[in-house]
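Both chains are given apart, each in its own frame, so use the hints to dock them into the complex.
So the protein lines, in turn, are chains D and B. Its first residue numbered 1, the first sequence is counted upward by one per residue in my numbering. Its first residue numbered 1, the second sequence is counted upward by one per residue in my numbering.
Please keep in mind that the hints were generated in silico from the structure rather than gathered at the bench. Quantities reported herein were computed from a predicted structural model and do not represent experimental measurements. The beta carbon of each residue, even a glycine, is placed where N, CA and C say it ideally should be. Just so you know, not all the hints are guaranteed correct.
Once the Cα atoms are required to be at most 25 angstroms apart in a straight line, the calculated DSS-like pairs of lysine-lysine come out as [what the hints assert, rightly or not]:
#1 B:K94 <-> D:K179
#2 B:K23 <-> D:K148
#3 B:K15 <-> D:K157
#4 B:K23 <-> B:K66
#5 B:K22 <-> D:K157
#6 D:K148 <-> B:K15
#7 D:K148 <-> D:K129
#8 B:K15 <-> D:K179
#9 D:K179 <-> B:K66
Examples of chain D residues toward chain B, derived with CB under 7 angstroms [to be verified]:
#10 Y137
#11 L139
#12 T144
#13 K157
#14 K179
#15 H182
#16 K183
#17 S186
#18 G189
#19 F190
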Amino acid sequence: MVQKTYYLSGILPADFKDLQAALPEYRFLFFESTMDIVEKLLDERPDGIICHPKTHVPDGCALMNYLLTSKDPAWNKLPLAAVFHEEDGLEKAAEEAGADLLITYPFDETKLKAQFETFEKKASQKPPKYVNLNYLYDLAGGDTDFVKDMLETFGRKNQEQIIAMEQALSNKNWEELGKISHKAKSSYGFLGIFSLQIAAGMIEKFSFERPDIPKINILMEIIKTNSPYILQELQSE
Amino acid sequence: MPQILIIEDDELMLKALEFRLKKDGYTVQVAPDGRMALQLLESNTYDLIITDIMIPFVTGLEIVNKVKSDPNNKTPIIILSGVGLENVVLEAFKLGADDYITKPFIISELSVRVRKLLRI
Chain D
1 MVQKTYYLSG ILPADFKDLQ AALPEYRFLF FESTMDIVEK LLDERPDGII CHPKTHVPDG
61 CALMNYLLTS KDPAWNKLPL AAVFHEEDGL EKAAEEAGAD LLITYPFDET KLKAQFETFE
121 KKASQKPPKY VNLNYLYDLA GGDTDFVKDM LETFGRKNQE QIIAMEQALS NKNWEELGKI
181 SHKAKSSYGF LGIFSLQIAA GMIEKFSFER PDIPKINILM EIIKTNSPYI LQELQSE
Chain B
1 MPQILIIEDD ELMLKALEFR LKKDGYTVQV APDGRMALQL LESNTYDLII TDIMIPFVTG
61 LEIVNKVKSD PNNKTPIIIL SGVGLENVVL EAFKLGADDY ITKPFIISEL SVRVRKLLRI
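In isolation and in its complexed conformation, chain B is listed as follows (with noise of 0.2 angstroms):
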């Protein structure tokens, strides 16, 4: 079963994501901020990274800059970001991030993306 990790600092929206992506059949962990994040990433292996750009302690281009600098580590990057952050998101993907999904998702359209990513 796929491994998740979703690294998110707003309570609502990762309570939301865990709930969504565990009906779907995932297992899920969360960090609600780049410092814990960094320590799962350390000791733990994902398939997925779901992460906010804008995150206590270690942000989220962070994030993506560190696992994607990694050569032997293929683990795919969503990046959460909400309306007005077009440019941060570019930042990410010049950074490596595989995909992006707005602030409110769209529940289908996160299913979907997960799916492609995890090549399901």
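Isolated chain D (complex conformation) (with noise of 0.2 angstroms):
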């Protein structure tokens, strides 16, 4: 029987042991961040993703959503489960972001041993969202003139930044790319949009560090495809 691997990232060192030592069979692939894990999902497909909801920038509710709301089947129908201590209060954050299973510290092991037996991706209920703008309604503090106008300034924005992007590409400028790619991951933090935000913070390590092509095409595709979805959903706010 083929062992099933995780990906797993933003949990202690000792919880990490705890959980390997309840689920000998599992193989867990302990990462130190997201961000990790976003790049090996570039390379290879695990069984399933284990995030801590909060830790790490962008955290794992972001990448659960990144996930969530891509087009490619690989991603999207990976289960995901998020893991946190009790009294962290993380179910809510952990099911709105779209987590299959609640992993909460202490566990059962009996228990967490049934509920990995039958780990797989849910049937959702709706589709996920692609933009989150909370941290704007808080920011604005009920100015709807304000919100009206940075909803705009991303409209127009959105689509330079995404032109701008490709121009650098296609002149291999990637010192311009992880420029433009900085600025956009910010953007899209702003505004909510994890899945554009991680897209563009992977486009800026691999500018600035070791560009890989056929890479960030699949990462400028994600940025592509989820716009519109995203400029629908901001119009409808």
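Here it is, written out as structure tokens:
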């Protein structure tokens, strides 16, 4: 029987050890950050992802959104588990982010084993949201004109940024691509567009560290494919 | 009323900062690039400068260096940084930057850090 592999991030070494000891029949690969998981996913597909909802930037919730909004079934059908301590109070955040399984510490080993045996992608009740404007609304403090201005600005700038990124990629101008994607990453994070925040962050990393054209193309495709859905959602806000 | 200069080329971020700081009661001037920032710094006095690092023409680090090299200029500077530029932030501190905020900023954190540097 083939051992199932899960990518995992955001938990303490001691907690990771407990989890692996409780489930020795599964293989857990630990990653330092959610972005390390994103990078690995460009090469390989695990049997599932386990992440803490709120550690790292981008956090586990952002990672789950990135996968759920992907058009690639190899990603959007990956079972997702959120892992956290009971006192963190992150059940709601994890469920809203789309987690199929919640693992809370301290866990009951027998129950956890049973949950893992049936750990699979749940049939979703509703499609994932591409945008989370909580931060913007918080910042606006009720000023609807400000919110409207910001959304219109994004709508205009996003297309300009995508064109500029494509141009830089076409010219293999890695410094320029890195700079544009760095800026875009912050803008996407600002409007809770986590899928593109992650994609832009990954493009930035490749551009500044080691340009990988096929992978950058995959990430650019995510940005271009998701953008119309994002604009549609923003228009309905 | 304290006057703050924001130097940032990302329009969304610039608008967000300007909105927030004005809401907090400050007078705000903005510069979308380093060149305009230097022009404003030549002809105005500010109580605080908030600058991004990656900006056109003259970088945030060059702005920090220019301001902090002047012994008569005591204006505190906050660096704006996206995740992944930790080394550059360290560089800014070595040049004399007083604090930094990561983007997107935590609203309450921005207010607290600004008040702290303005000694309000």
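Which numbered hints turn out to be false for this structure?
4, 10 and 12
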